[in-house]
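J.: Sequence:
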Amino acid sequence: MDYKTGRMLLNLLDGYPSVSILGMCKNAGKTTVLNRLISESAGSDALAITSIGRDGETADVVTGTKKPSIYIREGMMFATATGLLPQCDVTKEILFTTGFYTPMGEVVVLRALSDGNVQLAGPSMTEQLMKLKKVFLSFGAGRIFTDGAVSRKTLCDPGICDAAILCAGASCNKDMSEVIKDAAFFTSIFTLDEVREDEIPGGAKLFLRRSGSWEAAADSDAVDEVIRKEHFDHTRRLYMNGALTDSFLKKLFMAGEKGRGVEITVHDASKILLSRAVYEKFTRIKGRITVFRPFRLAAVAINPFSAYGHHFNKEAFLRQMQSAVSIPVINVEDLPDVGYRF
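Every letter in the sequence shown is one number past the one before it in the numbering used here, and letter 62, counting from 1, is 64.
Honestly, the hints are just simulated from the structure, not real lab data.
Even glycine gets a Cβ: it sits at the ideal position worked out from N, Cα and C.
Please note that the accuracy of each hint is not assured.
[Claimed, not checked] Label-pair ranges, simulated between beta-carbon atoms:
{"hint": "1", "residue 1": "Thr60", "residue 2": "Val280", "range": "33 to 41 Å"}
{"hint": "2", "residue 1": "Pro88", "residue 2": "Ser215", "range": "19 to 27 Å"}
{"hint": "3", "residue 1": "Lys183", "residue 2": "Lys316", "range": "42 to 50 Å"}
{"hint": "4", "residue 1": "Ser116", "residue 2": "Val197", "range": "47 to 55 Å"}
{"hint": "5", "residue 1": "Thr60", "residue 2": "Ala245", "range": "22 to 30 Å"}
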C-alpha cells in the first residue's frame with residue numbers, strides 16, 4: 003500500500019474504473035469505505051457514485067444509531083432519486099433524467115457544484131445499472147463507485163462492475179467466527195478460476211462437456227439424467243447457462259459417487275446463488291466451480307463495531323480475517339489520514 007500518497011485503498015483498484023462496495027449486511031461499513039475512496043480520489047479522474055439502495059442517511063432507521071454521511075466534492079457526479087434531493091446539501095445541476103423509478107422517485111444524474119453531503123438511491127436492476135454506467139461515462143466519468151450488497155448479485159456482473167470491495171462487520175453476527183466464515187465464502191465465490199473458451203454456449207440451460215465441445219442437455223432439472231450418461235464419467239464437466247442454485251447441487255449430492263468431483267462452469271459470479279452450507283458440502287465432495295468471466299475482489303474491509311451494541315476486538319478480527327482469505331484485509335478507520343474530510 004502507498005502510505006506516502008495516502009492512496010492505500012485506491013491503489014488496490016488500479017485498472018478497474020467501475021467498482022462496487024458490497025456489504026455482507028446492513029451497517030457493515032460500506033459508507034465509510036465509500037467516503038475513504040472519495041477522499042483518496044481527490045484530484046484524480048472525474049468521479050461518479052450511486053447506490054442500489056438508500057445510503058447517506060445520518061441515522062439507521064431500525065436501530066437509530068448514527069451513520070456516516072456521504073461527503074462529495076465539487077465536480078463529482080451522483081445518481082439519486084428525486085425524493086432525496088432536498089436531503090442533498092450541495093449546489094447541483096441535473097445532467098440527465100433516467101426514466102428509472104424507485105419508491106423515492108425517478109433516478110436522476112447530477113453534478114455537484116459545491117462540496118457537501120448527499121443521500122443516494124439508485125436503480126437495482128441489471129439493465130438499468132448498465133445504462134446508468136453508460137450515462138456516467140458519457141458525461142466524462144473516469145471512475146464509478148456503486149454502494150451495494152452481496153445479496154444483490156447484480157453487482158458481481160462484470161458488465162456492471164470491474165471490481166469490488168467486500169465489507170464485513172460486527173453487525174452481521176455476534177459470533178466473529180461466523181462473520182469470518184461468511185466473508186471467506188463470499189471471497190471464494192468472487193475469486194473463482196477462469197475457464198477460457200473460444201465460444202460460450204447458449205440456447206439451453208445445461209451443457210455437458212464431450213469430446214472438446216459442449217453438448218446441450220434437455221433441461222437444467224435433468225441433472226440426474228445427465229450424470230448417468232456413459233461419457234459423463236470421463237469429462238465430469240457441466241456448464242450452467244443461468245443460475246447455479248442449492249437445489250441443483252442437492253441433486254448431485256443424491257447421485258452418490260457419480261456426483262463427486264464434478265466441475266461446474268457458470269458465466270460469472272453473479273450467477274452463483276448458493277448458501278454457504280451447500281457450497282461447503284460441494285467442495286467436500288471434490289466439486290469445483292469455475293467461471294467464463296472472472297470478477298476481481300480487491301479487498302475485504304472489516305468493521306469491528308456493531309450498530310446493535312456488540313463489538314469485536316479489532317486486532318483479532320483483522321488477524322483472523324487475514325488468515326481466512328487470500329486477498330488484502332483492511333480496517334479503513336485505522337488507515338492514515340489522507341488530508342481530506344470523509
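J.: Taking the hints in turn, state whether each one holds.
T.: Do the hints match the structure? See the list:
Under the hint 33 to 41 Å, the C-beta atoms of Thr60 and Val280, about 39 Å apart, fit the expected range. For the pair Pro88 and Ser215, the beta carbons lie near 58 Å from each other, so the given range of 19 to 27 Å is not met. For the pair Lys183 and Lys316, the supplied restraint of 42 to 50 Å is violated, since their beta-carbon distance comes to about 19 Å. At roughly 49 Å, the beta-carbon separation of Ser116 and Val197 lies within the given 47 to 55 Å, and the hint holds.
Checking the proposed 22 to 30 Å range against Thr60 and Ala245 shows it is violated: the Cβ atoms sit about 37 Å from each other.
Hint check: violations occur at hints 2, 3 and 5; the rest are consistent with the structure.
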